[in-house]
Structures are given as C-alpha cells and as structure tokens.
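Participant: Kindly produce the complete structure, drawing on both the sequences and the hints.
The sequence shown begins at 1 in this note's numbering and counts up one residue at a time.
Quick caveat, the hints were computed from the structure, so don't treat them as lab data. Predicted model only: the values in this text are computed from it and were never measured. Don't be surprised by glycine CBs; every beta carbon is placed ideally from N, CA and C. The reader is advised that the hints may include incorrect statements.
[Claimed, not checked] Have a look at the derived ranges for each label pair, beta carbon to beta carbon:
| hint | residue 1 | residue 2 | range |
| --- | --- | --- | --- |
| 1 | V105 | R36 | 17 to 23 Å |
| 2 | D34 | A118 | 50 to 56 Å |
| 3 | T12 | A53 | 29 to 35 Å |
| 4 | D78 | E21 | 17 to 23 Å |
| 5 | R49 | R11 | 22 to 28 Å |
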Amino acid sequence: MTQPDEVVRARTWHHRLIDPEAAEGAEYFQITGDERADELRSRLAEMFRARPALDQVTLRLGSAHIIGVATRSRVLADPGTAAEPLPLGGADHASLPGLSQQYLVIRFACTTPGCGSADLRSFYDARDIPRCGIAAHGELAVQR
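Facilitator: Structure (structure tokens):
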C-alpha cells in the first residue's frame with residue numbers, strides 16, 4: 001500500500017499540474033509514485049488531446065490516495081523554463097577554443113644535483129614554497 005509520504009512527495013512533484021480551485025472529478029487518472037513531472041505532463045497532454053470533451057481528471061496514486069485535480073488548461077499551458085533566457089552572449093559561460101592564456105604551470109625543482117624531485121603549481125606564493133622530499137635538500141626552486 002502507498003505510504004502517506006509518497007502522497008506528499010507526489011503532490012510536491014506535480015504541484016504545477018494540480019489546480020487547487022478544481023473540484024474532484026468523476027474520472028481518475030492513475031499515476032506512479034516515482035513518475036517525473038515532465039513525464040506525467042506528457043501523458044496527461046496526450047490524453048487531453050485525444051479526448052477534447054474531457055476538461056479535468058483526478059490524479060490518483062495507488063488505489064485510494066487522491067493527489068489532486070489536473071485540468072486541461074494547466075496541463076496544456078506552457079510550463080516555462082527555470083530561468084529567463086539570456087540575450088545572445090549574455091554571460092552564458094561559453095569559453096573560447098584553445099588553452100587559456102591567463103594561466104601557466106609553474107615548475108619547482110630541487111637544486112641538488114642528481115635529485116629529480118619536482119612539483120607543479122598553478123600559483124606562486126612566497127609563504128608556501130614547496131620542499132624537496134629529502135628534508136636535507138630544502139626548498140625547491142622555480143624553473144624557467
């Protein structure tokens with residue numbers, strides 16, 4: 001049997017399809033607890049287009065839980081978007097092709113002959129110079 005928390009979740013997920021002003025209708029439309037809002041909107045829209053005389057259905061979860069009433073006008077209305085569309089080039093976070101010219105990798109290497117210890121960083125901070133893995137060798141030096 002369907003749990004009450006599933007009913008609350010279904011009402012939350014499908015609130016844009018539910019008309020709070022509409023009275024419960026005689027015709028029921030079965031929904032599932034895990035059905036996405038866009039999937040349900042598509043199923044309802046298909047049904048309303050196929051049956052022009054039908055103006056509303058009562059959404060039912062399981063055999064006894066009424067979710068609400070979906071009306072033709074709500075289902076067939078444009079659902080809109082999550083945000084207003086931006087004008088062309090309006091901070092759409094696009095990037096130019098190729099490598100960034102603003103960042104360079106900084107290579108630090110041990111100055112002790114024969115030691116291959118190195119470190120790569122994207123920044124230089126004099127307070128945080130990398131050190132060689134061999135403590136006696138000390139700080140690594142910037143390589144150009």
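Participant: What are the numbers of the hints the structure violates, in ascending order?
Facilitator: Violated hint (a single one): 1; every other hint is consistent with the structure.
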